[in-house]
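Asks: As a plain string of letters, each chain reads:
2 protein chains.
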Amino acid sequence: MDYLAEKFARLGTDNAPGQEGLQKAEDLPMIGDKLEGPAVDFSHGDVNAHQPIPGSLETFVKHYCVDGTYQAYTEYRGKGAIREYLAEKLAEYSGAPVDPKTEIILTPGTQGALFLAMGSLVGRGDKVAIVEPDYFDNRKLVEFFEGEMVPIHMNWKDAAPHTSGIDLKELEEAFKNGVKLFLYSNPNNPTGAVFSKEEVSEIARLAKKYDVAILADELYSRQILEKDFTYTHMRALPEKPDKLITIMGPSKTESLSGFRLGVGYGTPEIITRMEKLQAVVSLRCAGYNQAAFYRWFSEPDGWMEKRIADHRQIRDDILAVINSCPGCWARPTEGGSYIFMQLPKLKVDIFQFTKLCRAQASVTVTPGTEFGKQYGDFIRMNFSQDHDKAVDAVKRICKMVDIYRA
Amino acid sequence: MDYLAEKFARLGTDNAPGQEGLQKAEDLPMIGDKLEGPAVDFSHGDVNAHQPIPGSLETFVKHYCVDGTYQAYTEYRGKGAIREYLAEKLAEYSGAPVDPKTEIILTPGTQGALFLAMGSLVGRGDKVAIVEPDYFDNRKLVEFFEGEMVPIHMNWKDAAPHTSGIDLKELEEAFKNGVKLFLYSNPNNPTGAVFSKEEVSEIARLAKKYDVAILADELYSRQILEKDFTYTHMRALPEKPDKLITIMGPSKTESLSGFRLGVGYGTPEIITRMEKLQAVVSLRCAGYNQAAFYRWFSEPDGWMEKRIADHRQIRDDILAVINSCPGCWARPTEGGSYIFMQLPKLKVDIFQFTKLCRAQASVTVTPGTEFGKQYGDFIRMNFSQDHDKAVDAVKRICKMVDIYRA
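Just so you know, the sequences run in chain order X and S.
Numbers given in my numbering equal positions in the first sequence, counted from 1, plus 36.
Numbers given in my numbering equal positions in the second sequence, counted from 1, plus 36.
Keep in mind that the hints are not guaranteed to be accurate.
When chains are identical, the list treats them as one kind, so a pair holds in a single copy or across two.
Distance condition first, Cα-Cα at most 20 angstroms in a straight line; then the derived PhoX-like pairs of lysine-lysine [stated by the list, open to error]:
no., residue 1, residue 2
1, K43, K279
2, K163, K245
3, K163, K205
4, K43, K163
To be clear, the hints were calculated from the coordinates, so they are not data collected in a lab.
Can you build the whole structure from these sequences, using the hints too?
Replies: Okay, structure coming up:
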């Protein structure tokens, strides 16, 4: 196998969320009958159940009709007026200024921002520190850019609430040993753990000390489910490192995923590289779609509070089901809408189990191995779903656990 | 400068079309007064002057409202029903079958398809043959993927009409010497030359003989301005090579650029790699936007004929202006809406001249050097503009030539 073939062999997407429909039919060791109930796809949120920010479509249509060519063709880093709007909103949100000219780029989804930032910061052989568990594409991107992955363990299972349990000693050791970039999601995907202020400050201090670039994935930072939690944006800290890019977007909490909108903001030199890369990757975040950014951070009064309350209720009711199933466990999600559910020992492996859940119980979940090879007894669910259907689907998962229990 | 810094230094976008607004103000050696007239931006088409396919917005809105979450989250390669629709249309268009399951991927614009195909086919050190002149990002992509560029000369200036003048002997020599991939745009960007059937057949035969992959950029293939020309799709030839990806999209002739829609279609193994790469780059072509594909190849009767006739008229009238200016020359565009205009010797260099055109004459054009370093006496214009404004703007360019003539 040649070099490129090997590289793509490592970039598997067969078990990636949303790709399940492409899996080949195979003989599954099914025991018993189908479990009846409405199909639920936990691989992503349901934007029918939790609708996009009101006015998003209307804003899109207005700019399509009124601005026409000026909306279709923007600078590669995004339309100037929209960068100005977002810079002001994000400065207020994150607690530190953002220069709309030099410090922000609009991208095709937060995934786009992640790809561009990684491509701008990871050269061949560069050491990149990655939290385990964390967003599955982080590892794939390090492999694509031919960096060397340095795993950093996060003991979220035993950590106190509102701490991630990241191993800061291991992190410092990694930084000492030449790591160039550290990326982490906060709230963490897939566990829903939120980093404490002390943890974020220490990461920042270490990054500054060892001259490490930081990529902070804050995609879910607006959806903090615990009322008394404070969320810490690294960019607002006095210890802020010299090379820092924050990425986020309105695809999750705000249900605008269908528009593919994301932003990267931070260090101007990195933003410039990201724009150069975007120019060859896809030119720009779709021009018409950029208009929908005007609804982000301008939601109607009470809309965000209700969205968070709705998700807190779903989380609580799903957790109650999980906790009633012997051998099943999950840490309560603090931020975002993922739950990382641990399973007892089963007769089948995790890939068979997730395929069985789909075939037998009409429930789609993501195997934990997407987030680290060691998580073969976990499944991840995005519970941004219709409340009743979601609770019912988790009950069916628990029935499946009982059926296939070792 | 480290390895990544060098790589990004080569990925310049300062003179790329559409980025002119970011250029720093500088002292220009301006002679005389401003030339009055409406501003024209020849760096891209004007979708106010040539509107998107009727019904595009309505189709987008309908699927947003009716399909909701099923439109927002599609497989990474694009929504199944839309792949089926396009496979049928593209099979009919190109003259050879397309399997919707395995042979097509929807991408964020044709640029997205180009990036994914290049990333799937170019490994470090691989030799890639590139036509000169050709689309400016081709060279940048070879550099980004650390391939080795092998230029293939195209003598379009002296070639007979409906031949590109590509040097087929040089191409065979390159293939013999280990080129892995050849990419070419047909109609050619920036010259508007269309390859003859003999040229396309010979490229295909050589590719098959030497086991070279072909990336055929047919972005402008629906807009053939000469009535008696036949356009040759390589994929329909009996000599079709074993590894062939064709890319196109509705961004140009059909004015849907603001949606960022493109397709790559061809060899299943390459499509699979492209999907794996898309999964880490931006997940998918924006879900809602994919709906607008339903208008492509379903334009109202006579719509495409009128669009082509309108562009033929603009081309003819611009060419008449160019031909009346001593020392200026352009080959008549056969396909697409670019014109590559040669200038006489000037007192200023091409970068100063294009900046002066913008500052003094309100006309934005792209320096020829974006298409090959040797084209320092050329400018490229996209004449998909309002007819009268475009003709007037080219008259101002000719006045600028007279003012700055050496």
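Asks: Evaluate each hint against the coordinates.
Replies: Taking the hints in turn, this is what the structure says about them:
1. K43 / K279: between (28 angstroms within a copy, 19 angstroms between copies)
2. K163 / K245: Within one copy only: 17 angstroms inside a chain, 42 angstroms across chains, cut-off 20 angstroms.
3. K163 / K205: within (17 angstroms within a copy, 45 angstroms between copies)
4. K43 / K163: For K43 and K163, the Cα distance is within 20 angstroms both inside one copy (17 angstroms) and across copies (18 angstroms).
Every hint, counting from the list given before, is met by this structure.
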